[in-house]
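There are 4 protein chains.
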Amino acid sequence: MTSTTLPTALPFKVADLSLAEAGRHQIRLAENEMPGLMALREEFGPSQPLAGARIMGSLHMTVQTAVLIETLVALGAKVRWVSCNIFSTQDDAAAAVAVGPTGTVDAPAGVPVFAWKGETLEEYWWCTDRAFDWTAEAAAEGEAYIGPNMILDDGGDATLLVHKGREFELAGAVPQKQPGDSQEWGVILDLLRGSLAQSSDRWTTIAAEIQGVTEETTTGVHRLYELAKTGDLLFPAINVNDSVTKSKFDNKYGIRHSLPDGLNRATDVLIGGKVAFVAGYGDVGKGSAEALRGQGARVIVSEIDPICALQAAMDGYQVTTIENVLDQVDIFVTGTGNENVITVDHLLGMKHQAIVANVGHFDNEIDMAGLEALPGAEKVEIKPQVHEWRLPNGRSILVLSEGRLMNLGNATGHPSFVMSNSFTNQVLAQLELFANNADGRYAKSVYVLPKHLDEKVARLHLDALGVVLTELTPRQAAYIGVDVNGPFKVDHYRY
Amino acid sequence: MTSTTLPTALPFKVADLSLAEAGRHQIRLAENEMPGLMALREEFGPSQPLAGARIMGSLHMTVQTAVLIETLVALGAKVRWVSCNIFSTQDDAAAAVAVGPTGTVDAPAGVPVFAWKGETLEEYWWCTDRAFDWTAEAAAEGEAYIGPNMILDDGGDATLLVHKGREFELAGAVPQKQPGDSQEWGVILDLLRGSLAQSSDRWTTIAAEIQGVTEETTTGVHRLYELAKTGDLLFPAINVNDSVTKSKFDNKYGIRHSLPDGLNRATDVLIGGKVAFVAGYGDVGKGSAEALRGQGARVIVSEIDPICALQAAMDGYQVTTIENVLDQVDIFVTGTGNENVITVDHLLGMKHQAIVANVGHFDNEIDMAGLEALPGAEKVEIKPQVHEWRLPNGRSILVLSEGRLMNLGNATGHPSFVMSNSFTNQVLAQLELFANNADGRYAKSVYVLPKHLDEKVARLHLDALGVVLTELTPRQAAYIGVDVNGPFKVDHYRY
Amino acid sequence: MTSTTLPTALPFKVADLSLAEAGRHQIRLAENEMPGLMALREEFGPSQPLAGARIMGSLHMTVQTAVLIETLVALGAKVRWVSCNIFSTQDDAAAAVAVGPTGTVDAPAGVPVFAWKGETLEEYWWCTDRAFDWTAEAAAEGEAYIGPNMILDDGGDATLLVHKGREFELAGAVPQKQPGDSQEWGVILDLLRGSLAQSSDRWTTIAAEIQGVTEETTTGVHRLYELAKTGDLLFPAINVNDSVTKSKFDNKYGIRHSLPDGLNRATDVLIGGKVAFVAGYGDVGKGSAEALRGQGARVIVSEIDPICALQAAMDGYQVTTIENVLDQVDIFVTGTGNENVITVDHLLGMKHQAIVANVGHFDNEIDMAGLEALPGAEKVEIKPQVHEWRLPNGRSILVLSEGRLMNLGNATGHPSFVMSNSFTNQVLAQLELFANNADGRYAKSVYVLPKHLDEKVARLHLDALGVVLTELTPRQAAYIGVDVNGPFKVDHYRY
Amino acid sequence: MTSTTLPTALPFKVADLSLAEAGRHQIRLAENEMPGLMALREEFGPSQPLAGARIMGSLHMTVQTAVLIETLVALGAKVRWVSCNIFSTQDDAAAAVAVGPTGTVDAPAGVPVFAWKGETLEEYWWCTDRAFDWTAEAAAEGEAYIGPNMILDDGGDATLLVHKGREFELAGAVPQKQPGDSQEWGVILDLLRGSLAQSSDRWTTIAAEIQGVTEETTTGVHRLYELAKTGDLLFPAINVNDSVTKSKFDNKYGIRHSLPDGLNRATDVLIGGKVAFVAGYGDVGKGSAEALRGQGARVIVSEIDPICALQAAMDGYQVTTIENVLDQVDIFVTGTGNENVITVDHLLGMKHQAIVANVGHFDNEIDMAGLEALPGAEKVEIKPQVHEWRLPNGRSILVLSEGRLMNLGNATGHPSFVMSNSFTNQVLAQLELFANNADGRYAKSVYVLPKHLDEKVARLHLDALGVVLTELTPRQAAYIGVDVNGPFKVDHYRY
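Protein chains in written order, with the working numbering: chain D, 1 to 495; chain A, 1 to 495; chain B, 1 to 495; chain W, 1 to 495.
It is worth saying that the hints were derived from the structure and are not from the lab.
Just so you know, not all the hints are guaranteed correct.
If several chains are the same, the list does not tell them apart, and a pair holds so long as it fits within one copy or across any two.
[Said to hold, decoys possible] In silico PhoX-like links for lysine-lysine, alpha-carbon gap of 25 Å or less:
1) K229 <-> K164
2) K164 <-> K177
3) K489 <-> K229
4) K351 <-> K383
5) K351 <-> K379
6) K444 <-> K489
Using the sequences and the hints given, assemble the complete structure.
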């Protein structure tokens with residue numbers, strides 16, 4: 001696909017009325033499951049602390065994200081949005097957000113959304129680029145800015161684009177794609193080369209306008225710490241991922257829900273009685289293993305970290321290498337954040353119709369590139385996001401979502417309640433960096449949210465579950481040396 | 001809807017190429033998950049023990065049922081099929097079966113299938129009637145029969161129609177629908193009245209041709225025992241439901257899989273942390289409770305039977321009445337086989353957006369009729385089979401599959417592996433009544449399969465799960481007084 | 001040990017005051033945990049339906065059995081008691097029963113108890129013989145009987161002795177022990193030879209006096225069915241074991257409790273993270289596996305029955321043979337009721353300090369005789385009932401309770417609440433055979449308790465657990481064709 | 001009790017041969033379960049890095065601690081030991097350590113141990129004082145020191161005594177016990193007053209000699225951070241408690257094991273089906289809840305921290321206050337580390353024979369002082385560490401271990417494998433502060449062990465559980481930015 005075929009007119013590719021209406025129904029139901037966000041609307045709606053914020057969001061465009069976006073708007077922000085995954089957009093949610101709660105298809109009153117399910121890589125990065133272009137808003141307001149002043153990121157692609165764009169502008173040239181570079185890197189280079197051809201300082205200007213980024217994922221956070229370590233981070237960042245109410249909830253309880261959901265929608269295969277293999281026993285792996293066991297599967301875990309390996313053993317799982325059990329496993333799940341966890345050799349050693357699913361981060365957890373290059377391998381689409389790969393050895397395997405996040409590609413991602421925790425952290429983080437940073441307390445470094453805000457996120461979700469919290473007496477609080485209202489734990493507490 | 005609008009030409013309403021192809025893909029994948037049926041094809045295909053059998057099947061027309069149907073055909077049977085639920089048909093599976101593995105849409109070589117997703121009650125019973133009409137087959141073969149000689153039933157609707165049809169023919173008249181009769185009973189009476197107008201002995205003749213019925217469900221089996229008790233059963237019946245490998249597998253492990261699957265597809269609501277209520281702690285309730293707990297819900301159980309209630313308590317569940325916890329529950333699940341387990345008063349006492357789901361049998365487990373008659377209640381379709389009912393008290397509830405079996409209506413029913421167990425029992429039962437009843441060992445009574453066949457069903461499913469069975473030594477077998485090859489248990493053993 | 005050294009004076013070997021007092025404390029606490037028995041005292045105490053019953057009980061002499069014994073007495077029975085296992089007696093409970101609730105050590109007012117922890121085989125069978133000798137009671141009452149008129153049996157030893165005693169009396173001679181006969185069989189033959197030398201018809205007379213037996217265990221029930229099949233059963237028997245509230249509670253929930261309890265008291269070894277092997281997946285195996293998994297062990301199951309094997313797989317356990325995993329397992333548990341499940345070869349293939357525990361029935365589940373005969377094997381007592389066997393291969397294994405039931409030998413057996421279920425069945429069964437058999441409804445055959453009594457047992461245990469039962473409306477009861485008060489299930493229902 | 005009645009001659013109160021032999025057996029078995037400690041003996045035995053260390057240990061004197069002590073000795077240390085709890089000593093383990101692996105009762109060659117099961121408070125603090133008196137060792141070596149140079153502490157009592165002793169010496173006087181002070185504080189003041197009467201600088205000298213303390217528990221660590229915050233900490237401290245392989249293993253998996261163990265040994269009450277209440281959902285509460293659920297109890301949790309409360313809800317537990325469920329609960333467990341979690345009012349509202357157990361830290365989690373002062377309450381000893389308290393309302397409750405840690409008082413504490421993790425951390429921490437602090441890298445502050453040592457502890461325990469670790473390829477390690485051999489996680493990772 002060449003750039004000339006990229007959509008230019010409409011922010012949303014398929015914006016018909018019925019889609020937007022269906023999405024609106026779901027958003028309304030989801031609001032009931034996202035008590036944290038709704039509570040923030042109630043608490044901060046009157047004071048509009050995000051007035052003046054121009055938020056560029058890059059995060060899976062789902063129903064839950066719709067509630068997040070509309071919360072940001074309710075707090076005063078202007079927003080432009082893209083998905084951070086080519087398959088993860090729910091088109092009806094995107095349409096509903098674009099139309100807006102009070103708009104119509106003909107007179108949309110919502111947020112510019114550049115996202116649809118099943119983008120090409122070129123389309124994906126074009127979308128990301130578009131969400132950075134705030135010139136229309138500036139023109140409408142008679143202001144001089146050209147981009148956002150805040151990023152809300154998931155995986156770091158938006159942050160990457162700003163940093164690389166500025167880097168190449170300073171260098172005066174965009175390098176050529178090298179052998180061994182990924183296809184996607186080539187797409188990014190092409191896009192930035194086009195940008196540089198049009199402007200020598202667009203990304204430099206954008207970078208200067210940005211007051212901060214709040215990042216959702218382990219992978220994105222890892223990139224941020226790397227940038228901070230080398231002094232290359234261009235603006236303050238809040239690591240939302242490591243809020244307890246994010247990493248220990250989204251990664252664990254979200255995957256516990258959406259892994260079996262995705263397996264079921266994709267394959268309808270009975271999980272009970274099957275042998276499942278979970279690569280990695282971090283929070284994602286813990287949630288995966290619990291879900292599979294809860295459905296009656298026998299779960300085998302692999303780990304590189306002796307502490308997590310010991311945890312898996314203490315939780316009653318067999319812990320061994322993938323090679324040791326390759327031909328016994330019915331369902332493979334990767335949740336490591338690393339690459340080549342499942343190699344082509346592994347794929348070739350699997351049982352007939354073994355299922356291969358990734359809930360880690362990128363599609364390189366499974367060596368999809370290697371599989372695609374394997375002579376004699378044939379790819380048959382069973383249904384969208386479910387492919388039977390017929391291998392040269394005569395066996396087939398079922399690969400979900402082409403190796404990308406199957407909980408998003410084969411299901412609908414984490415459920416609303418889990419995302420309400422994550423996104424309440426996101427909103428609080430945006431508030432910190434935009435509204436509470438007048439004193440410049442946040443430098444070009446990576447921060448986590450203070451514990452009392454983390455506890456607040458949890459607190460906003462208790463009523464919905466019928467939880468009755470016990471309150472410390474003043475004497476008890478004094479005895480353990482905390483305030484009656486918290487925070488209750490030392491920073492290094494692990495939960 | 002009047003009968004003139006009922007489909008007349010084609011056995012399957014929507015039989016286009018792409019549907020049939022999609023169904024065929026799924027059937028092929030399902031065969032890998034149904035090792036019991038595939039083993040029977042291998043064992044009995046050569047000897048064709050069902051040659052001469054004319055099987056009228058009334059059972060949810062899913063992908064798994066397709067593998068069952070094609071197994072029956074592989075063993076020599078002729079087959080006509082209907083679904084036993086207006087919502088449970090998977091259209092692609094139906095299309096694929098109608099087309100047949102070797103046929104085309106233009107030249108179908110499969111089995112006449114009268115079923116589609118979303119039938120009206122008139123259509124449903126018209127379909128059932130059509131599956132009893134074997135005059136075309138008789139004409140083609142130059143034979144004198146008019147109906148099937150075997151029934152494979154699920155819920156007893158097919159058996160009911162034969163018994164009622166014959167009863168009214170003997171009485172010479174079909175009674176009028178009475179106040180208090182269900183709408184469906186009226187539809188049945190209308191159909192039989194039409195039949196009687198055309199023939200005074202059609203159902204009497206069909207009943208005489210039938211050599212036996214094999215019944216899938218608790219409800220259908222209950223009806224059969226009632227008929228046998230009063231001496232009204234017209235042919236031998238095998239109670240497939242009470243094979244251990246059916247009732248303890250399909251009901252328990254099937255629901256364990258498909259309950260959360262249906263909840264997820266219908267609502268995307270996080271199950272973890274929620275309060276779930278399971279009415280009934282039989283096998284269906286046990287599977288439901290285990291699945292919900294496995295997803296992190298807190299499960300409360302209700303029971304009428306003190307033994308099952310004690311089991312629930314010993315398994316760690318709170319056991320109380322629905323009234324006691326009405327306003328605490330997020331997800332209600334009925335699995336009792338009884339009526340009015342959830343009344344309109346209960347519905348009115350629930351939390352906002354409580355989910356109401358039935359995995360028992362009929363839609364009267366929840367008082368749907370009462371809800372529909374409730375003044376001020378408004379029904380909003382969120383998506384097919386998911387309705388928000390806005391109640392006059394200002395709250396909403398979400399009712400799945402209009403109160404019918406949500407594991408079929410909102411998901412795809414039990415997964416293939418579970419159904420392979422049930423259906424292997426079905427095929428063995430058809431073999432018993434058709435092929436092994438030459439000596440008339442089966443009278444007009446209700447039988448269960450002998451234990452060695454039940455064990456055989458299990459045995460055929462072990463390899464696929466990697467199970468290695470331990471073999472008794474002759475001395476050990478003698479010590480416990482069994483044959484080395486089984487059966488291993490006394491008949492009253494409960495597993 | 002020769003018979004001259006057997007205790008002759010006192011029914012209980014060690015009957016000092018402090019033991020009896022300690023036992024009485026525990027009995028009082030146990031009464032709170034045995035609501036079924038206490039309810040029967042309340043219901044039947046006034047009418048004394050067991051007046052005239054002379055019950056010979058052979059069942060583990062624990063605190064719980066004390067509550068059973070005193071319940072039988074409260075209903076009017078006279079009782080003599082032995083344990084059915086050489087290690088299972090709790091001496092304080094035995095002492096308390098012998099002394100009686102109102103007696104003193106010097107003036108005991110309790111029940112003659114012939115049982116202590118750690119009997120020899122000679123002592124064990126001497127005790128059993130003594131409990132059959134009711135001549136003192138007869139003399140005191142001026143009656144002509146010589147033995148009991150009811151047996152309450154566990155494992156069938158008491159029933160065996162009567163049947164064999166009578167058989168040899170009819171034959172006029174007791175056979176010699178043959179090569180290959182167990183040591184215990186030799187002890188029995190010696191005892192009966194002594195009896196025959198003194199009386200030619202003692203056992204024949206006792207057999208004629210006995211009106212029935214109620215049997216507690218699978219093993220004992222199996223023997224009874226064998227006797228009934230050959231027409232050799234001398235009196236009616238009620239199979240208490242197969243009441244749902246016995247087999248599905250005692251075997252499953254009792255073992256779930258007492259297996260880890262016994263492992264902990266015996267070894268203090270962490271169960272979490274360990275690999276445990278459970279031979280047999282009947283109710284005992286199911287309870288064992290659940291308990292071990294609940295403590296974080298990884299459980300591997302072996303099975304001979306394909307249905308139970310499939311259940312184990314569906315519950316998420318690896319199912320394979322002991323040979324396949326011999327060197328990976330830390331804890332071996334047998335629960336089969338068969339012999340030689342763990343052979344000497346198996347023992348020699350185990351890891352260093354592997355634990356070997358039997359919760360099935362006899363000590364021949366593990367080939368203890370073979371181990372004792374193994375050249376070079378050395379037995380070191382770590383503490384009572386815990387032996388390190390140093391094997392000739394340089395490794396050690398830990399054998400609990402010398403291969404006998406470790407839940408009794410290393411712990412205190414099933415807890416009171418579980419036994420309350422079993423024993424409430426026992427008392428109801430004694431009532432049936434003694435008080436409700438006036439019409440001779442019970443022939444020399446084996447019966448199970450009617451379902452309404454089984455449900456009654458459950459019902460008597462609900463309040464203590466806070467269970468609130470749901471009541472059927474009359475219309476609902478009619479809908480499913482049962483009485484509002486039950487019974488609720490068909491006889492073949494499996495729970 | 002006056003100090004004149006305190007033991008003076010022998011380090012161990014009851015040191016007879018059979019006790020020591022029994023203890024030695026258990027130590028030998030425990031070594032097999034403590035692979036971490038045994039590996040350290042192998043790695044560091046030759047280089048004797050603890051030569052010159054004089055370690056005063058204050059930690060429950062169990063079999064596992066015996067293996068710890070003998071590991072310290074094997075690395076070159078001299079050791080004197082006390083228990084840190086008046087009930088937690090296993091006398092046989094203490095005897096075996098005192099005698100030593102190569103010693104005899106008459107010629108002990110072990111470690112001076114001042115500990116026995118069931119000390120009075122006076123005895124307890126006398127023991128602690130004795131373990132600080134190294135004058136005999138100094139005399140034997142011709143050295144000038146008077147105390148230890150290292151403390152290995154559990155709960156901080158040893159550290160407290162040094163700090164308070166020095167503080168009062170500097171002040172020149174020991175204050176009087178005040179109204180409201182605990183009885184124990186009075187005992188400590190008496191002891192220090194006696195000390196001050198004999199020497200004005202004993203504790204000041206001892207404090208100066210000490211190079212560091214390694215602390216085992218949350219409570220002790222909390223005290224250390226308080227001291228560090230105010231600048232009063234007298235020597236460097238390593239917080240062993242917050243090693244992942246300590247806090248997440250000992251607290252969680254240890255309690256998971258020993259809570260049900262203690263309940264069973266104390267009461268023999270069936271846990272299955274009961275309602276259990278767990279106060280606190282930290283690691284101790286998590287382990288408690290999992291263990292109780294694993295035995296079939298229904299678990300209700302209370303929490304003050306919204307994050308932990310949300311975790312409990314997401315794990316499927318009811319979360320509410322103790323007041324809300326007081327009369328429904330059968331088993332109460334406290335695991336908070338706070339005071340007055342169960343008040344006398346709570347005790348008075350409980351069910352008859354409710355069980356009250358503390359696995360948190362001090363006996364003031366339950367208001368034992370209040371109970372003892374309650375008019376009309378009567379304490380009946382059922383057996384050691386199990387007391388029935390007859391309340392003035394006519395009901396009884398069962399209090400375990402007089403409100404102190406029941407996993408120690410009613411069972412044998414955490415099992416060896418768990419303690420091997422904790423104690424391997426302890427040894428590594430002692431090595432850090434004594435042998436690796438030549439460069440003075442440790443100031444008078446509180447440290448945690450570096451992550452690579454934490455991972456090492458885990459690594460040393462994998463083989464014993466059959467865990468096979470996956471190794472990163474260099475490319476994978478580079479991809480996630482870690483060394484192939486770890487450490488694998490950022491410091492704030494929560495596991």
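task = Could you tell me which of the numbered hints above are not met by this structure, giving the numbers in increasing order?
result = Per hint list: zero violations.
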